[in-house]
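Here is what each chain is made of, one letter per residue.
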Amino acid sequence: MARYSPGPFTAGDLIDRFGGQLLHGERSLALSRLAPLESAAPGELSFLSAARHRRDGEATRASLVIVSVALVDALPAPTARIVTPDPYAYYAAVSRWLASRQQPAEPAQRVHPSALIDPSASVDPTAIIGPGCVIEADSVVGAGARIGAQVVIGEGARVGADTRLFARVVIYPDCEIGRRGIVHAGTVIGADGFGFAREAHGWAKIAQLGRVIVGDDVEIGANCTLDRGALDDTVIGNGCKLDNQIQVGHNVRIGEHTAIAGCVGIAGSAVIGARCMIGGGAGILGHLSICDDAVISAMSLVTRSISRPGLHTGVFPLMPNADWERAAVTLKHLPALRDRIRRLEQRLPIDAADSPAPVPGVDAPSNDPKESS
Amino acid sequence: MARYSPGPFTAGDLIDRFGGQLLHGERSLALSRLAPLESAAPGELSFLSAARHRRDGEATRASLVIVSVALVDALPAPTARIVTPDPYAYYAAVSRWLASRQQPAEPAQRVHPSALIDPSASVDPTAIIGPGCVIEADSVVGAGARIGAQVVIGEGARVGADTRLFARVVIYPDCEIGRRGIVHAGTVIGADGFGFAREAHGWAKIAQLGRVIVGDDVEIGANCTLDRGALDDTVIGNGCKLDNQIQVGHNVRIGEHTAIAGCVGIAGSAVIGARCMIGGGAGILGHLSICDDAVISAMSLVTRSISRPGLHTGVFPLMPNADWERAAVTLKHLPALRDRIRRLEQRLPIDAADSPAPVPGVDAPSNDPKESS
Amino acid sequence: MARYSPGPFTAGDLIDRFGGQLLHGERSLALSRLAPLESAAPGELSFLSAARHRRDGEATRASLVIVSVALVDALPAPTARIVTPDPYAYYAAVSRWLASRQQPAEPAQRVHPSALIDPSASVDPTAIIGPGCVIEADSVVGAGARIGAQVVIGEGARVGADTRLFARVVIYPDCEIGRRGIVHAGTVIGADGFGFAREAHGWAKIAQLGRVIVGDDVEIGANCTLDRGALDDTVIGNGCKLDNQIQVGHNVRIGEHTAIAGCVGIAGSAVIGARCMIGGGAGILGHLSICDDAVISAMSLVTRSISRPGLHTGVFPLMPNADWERAAVTLKHLPALRDRIRRLEQRLPIDAADSPAPVPGVDAPSNDPKESS
Chain Y
1 MARYSPGPFT AGDLIDRFGG QLLHGERSLA LSRLAPLESA APGELSFLSA ARHRRDGEAT
61 RASLVIVSVA LVDALPAPTA RIVTPDPYAY YAAVSRWLAS RQQPAEPAQR VHPSALIDPS
121 ASVDPTAIIG PGCVIEADSV VGAGARIGAQ VVIGEGARVG ADTRLFARVV IYPDCEIGRR
181 GIVHAGTVIG ADGFGFAREA HGWAKIAQLG RVIVGDDVEI GANCTLDRGA LDDTVIGNGC
241 KLDNQIQVGH NVRIGEHTAI AGCVGIAGSA VIGARCMIGG GAGILGHLSI CDDAVISAMS
301 LVTRSISRPG LHTGVFPLMP NADWERAAVT LKHLPALRDR IRRLEQRLPI DAADSPAPVP
361 GVDAPSNDPK ESS
Chain V
1 MARYSPGPFT AGDLIDRFGG QLLHGERSLA LSRLAPLESA APGELSFLSA ARHRRDGEAT
61 RASLVIVSVA LVDALPAPTA RIVTPDPYAY YAAVSRWLAS RQQPAEPAQR VHPSALIDPS
121 ASVDPTAIIG PGCVIEADSV VGAGARIGAQ VVIGEGARVG ADTRLFARVV IYPDCEIGRR
181 GIVHAGTVIG ADGFGFAREA HGWAKIAQLG RVIVGDDVEI GANCTLDRGA LDDTVIGNGC
241 KLDNQIQVGH NVRIGEHTAI AGCVGIAGSA VIGARCMIGG GAGILGHLSI CDDAVISAMS
301 LVTRSISRPG LHTGVFPLMP NADWERAAVT LKHLPALRDR IRRLEQRLPI DAADSPAPVP
361 GVDAPSNDPK ESS
Chain U
1 MARYSPGPFT AGDLIDRFGG QLLHGERSLA LSRLAPLESA APGELSFLSA ARHRRDGEAT
61 RASLVIVSVA LVDALPAPTA RIVTPDPYAY YAAVSRWLAS RQQPAEPAQR VHPSALIDPS
121 ASVDPTAIIG PGCVIEADSV VGAGARIGAQ VVIGEGARVG ADTRLFARVV IYPDCEIGRR
181 GIVHAGTVIG ADGFGFAREA HGWAKIAQLG RVIVGDDVEI GANCTLDRGA LDDTVIGNGC
241 KLDNQIQVGH NVRIGEHTAI AGCVGIAGSA VIGARCMIGG GAGILGHLSI CDDAVISAMS
301 LVTRSISRPG LHTGVFPLMP NADWERAAVT LKHLPALRDR IRRLEQRLPI DAADSPAPVP
361 GVDAPSNDPK ESS
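Chains as they are written, first to last, in this note's numbering: chain Y, 1 to 373; chain V, 1 to 373; chain U, 1 to 373.
Isolated chain Y (complex conformation) (with noise of 0.2 Å):
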């Protein structure tokens, strides 16, 4: 069984389906699997992308290896080469090559027998359902779809064409997935966003009537969670990545091609743009826009919209605990020393020729931090 080991292939099969200049080895040369430079042995395939591996590169053992022109003298000189202009997409590409490889063989019956399917739900004859799940009513499973074991799929809920549901992912009613989407164990799409109204004592509910749509290509990490909207949907948009642990926000909108790391939690009617990318334990505060091409870093959290793309950083800087004690305890007191350094500008003797010109908004300064950048 082709299981962690995609079987034996050569450097000719590379070439056959991916291109690139072969040079220094033979089309036959056998190759059992993917590496990294640092530990490939012999019999193994490798990549070298960026400049900064480049000692990984003079120093491997991998029998061939994918590479650019630029680094092409950053291998041994008799290791087999594949030239590429770009070899990390190469590897991708690579990478998914022997991934299908080592699938499991389809199994005997499409449906297992275990699965619940409710008789008005639709599910094509192509789609493979696992064991355990359970498809309700007016639900639509399309072609080629691959359903997990234990998956839930809910009353109306659309899962696209070619889609891949792994174990236990929980679709509400009237959800929808496109096509070619991956969604990975434990996520759940379309619970209730959290939404409630004020009462004399305590929070009444508001029923959250809108969906979760999800576009084509979308891929979604474990044990996330995208809330459904209060009226209208919560929506991601093709081509999005996101990673393990995300909390997605009733009406939330997310454009195109935008990749969200892990652990991110992003509130309510938020809308980003396409092309986006947001770092791991990112926070993402409500009824706020964030632009195209916009980049936020880990753990930073973003309070106001975003209008200039690049990168923004909110995030306290790591040290020694005795260090940060010192410097928070300061932290608080911040405005009072700045207070105090006006005051010793004012007190010494004022010479036109060096009074330093006056700093916009410190000089002057606002106590409404919405007025800063």
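Hints listed in this document are in silico derivations from the structure and should not be mistaken for laboratory results.
Check each hint, because a few of them may be wrong.
Note that identical chains are pooled: a pair holds if it fits in a single copy or bridges any two copies.
Straight-line distance between alpha carbons at most 20 Å, and here's what the computed EDC-like set of lysine to aspartate or glutamate pairs gives [stated by the list, open to error]: (1) Lys205 / Asp232; (2) Lys205 / Asp118; (3) Lys205 / Asp323; (4) Lys205 / Glu106; (5) Lys205 / Glu38; (6) Lys205 / Asp162; (7) Lys205 / Glu26; (8) Lys205 / Asp124; (9) Lys205 / Glu325; (10) Lys205 / Glu256; (11) Lys205 / Glu58; (12) Lys205 / Asp73; (13) Lys205 / Asp56.
With chain Y fixed as given, assemble chains V and U onto it according to the hints.
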């Protein structure tokens, strides 16, 4: 099938159930669904509850708007309206009513044939048990409870009347949730609290012998984890509302009607008061106490007990990354900057008329962060 | 049925199993359960392990207290006591013994009839397999393992002897967990690491061909996600203890006996040493290395390698929101304030006797945060 579309209803339906004064419209006015002001189409219902949405009100095409007296002039003149003191609460009530109209009919069999129920479990005949559930010995499921697909209710656990558990919720043995609760998919109640004793080489497990006790009218989001206590119980008060991905450590106690946004982490033995609001991604260290009516900002870390109600914040402000690098590097030297200011003050000529009043806590700074605030 | 109440036991039971010196009480002293000092009732057992709990000891009504020589006088005179060098470890051992007495009896059938086990899977005859489990081809479940309800063990995965998996754990193909492990409900081991290559318009998936390898004596909390490696494996060392909701990125390596509190996120290829302690909600960026015995405070972000053991912190201190707004606004201007201090120092009359010694790193500040700490 009434899916995503609650079926037609009329203005009369609303005032009969929820009160208010109907103006500029007839009882027979037909409505199809609730929608936001800015996107509502003719035939749809909306609400206007905040002055900041005036403009949306003025432009709305909704056929009927729930509104307060104060904002009644913010609607187009011909628009039908229901005038009521609290439009937001009215909207919340309407949403719950519409949701109930969309509910799937009760299944033919209250207990799905694939559910595994121990003979000693006590399941009320009015409870609905979904496919694949595992209900263990001596557990109790109350009247009108709705247990979703694949829920696991452990030995001796108790689920109160009218409580709803969505798919895949896991309740560990002996834990209890009260009446009229809602727990969303993937949440785990009663896993072991994180308790270990240091050994010479490593950690010895401390078995967690307590339970989790959740009160009445509590709503818990998806993929939350509430740990059982070490000896005593972990307790969630009546009326609490928890969003998704929240971690509640062992022996935490949370007071009534406290609302907690997504991704919050609460460490063991923290005590949180009633009617608190904890912002998304915030952290609360253990063995401390937060008073009633406190509000914690998103992604802020509570490190000491809080005895004053009101809003508390501890977040590094977001800025363009180049600015952040400069601010972060200077932050480490903040105590040294304070010392330089002090030395400057000492070196200036002293004039009683203009020497600044000593600033408490700054002019005789302590290095003990615990003395501040 | 011994539920939440481990059944009566005696002082003699304890000293026979766990040692210690029994004073002021007979072997036959009957006890019903463990309780905290402050709430223990007569007939209950408690422990006193830290000087800060003296007062609780003096006031306790517990019938028997586990205590050290140093604190033996902190108990009421007539209270029976077991004197032992490490009361906390003694308590831990007693807790585990009491928990084992509460364990449900082994089920009549070791393998639940509803479990789906591939014929090629190797399940030890002494293993217990719960309802609804899915155990795929070529996987291995070791002697004495206890697999909870609805667990999914993927193709080729291996679960070691005496390891316990609670409900709904998902182990992806080829991943391994060693012996005597505990994995709490909802955890996902082996989902794809977050790997994508930039394309002209969007992201190309990098298949994750590595695995997750978890050592012996590891405990992992609920709803954690441990990602499989891209090429090499993600590795968790023997004796590690992980709390809930932790995200471990692909190719992370964690050394032995490291303890990680809830909600921590660890990015890909981070290497963490042995015996580290990572506080709740902390973040660790990728491709860095943390030495043995390092301690990271809660909600702190590690952005660079750490080579010194000891406590590291990076958290914005919590303060009343009005204070925070002022501090946050001034923070953005911190570099400008530093410049103003420097200009003041330049303008003051220079007197060698009192000019401050240059402060390293401050008087010639660099704008490179990487030079600090």
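Hints, verified against the model:
1. Lys205 / Asp232: Within. Shortest intra-copy distance 17 Å satisfies the 20 Å Cα cut-off; inter-copy 31 Å does not.
2. Lys205 / Asp118: neither (30 Å within a copy, 34 Å between copies)
3. Lys205 / Asp323: neither (46 Å within a copy, 34 Å between copies)
4. Lys205 / Glu106: neither (45 Å within a copy, 22 Å between copies)
5. Lys205 / Glu38: neither (56 Å within a copy, 23 Å between copies)
6. Lys205 / Asp162: between (37 Å within a copy, 15 Å between copies)
7. Lys205 / Glu26: neither (68 Å within a copy, 28 Å between copies)
8. Lys205 / Asp124: neither (37 Å within a copy, 26 Å between copies)
9. Lys205 / Glu325: Neither way: Lys205 and Glu325 sit 42 Å apart in one copy and 32 Å across, limit 20 Å.
10. Lys205 / Glu256: between (32 Å within a copy, 15 Å between copies)
11. Lys205 / Glu58: neither (63 Å within a copy, 27 Å between copies)
12. Lys205 / Asp73: Cα proximity of Lys205 and Asp73: none, with 65 Å in one copy and 28 Å across.
13. Lys205 / Asp56: Classified as neither; 58 Å inside a copy, 24 Å across copies.
In terms of the numbered hints stated before, the structure departs from hints 2, 3, 4, 5, 7, 8, 9, 11, 12, 13, listed from lowest to highest.
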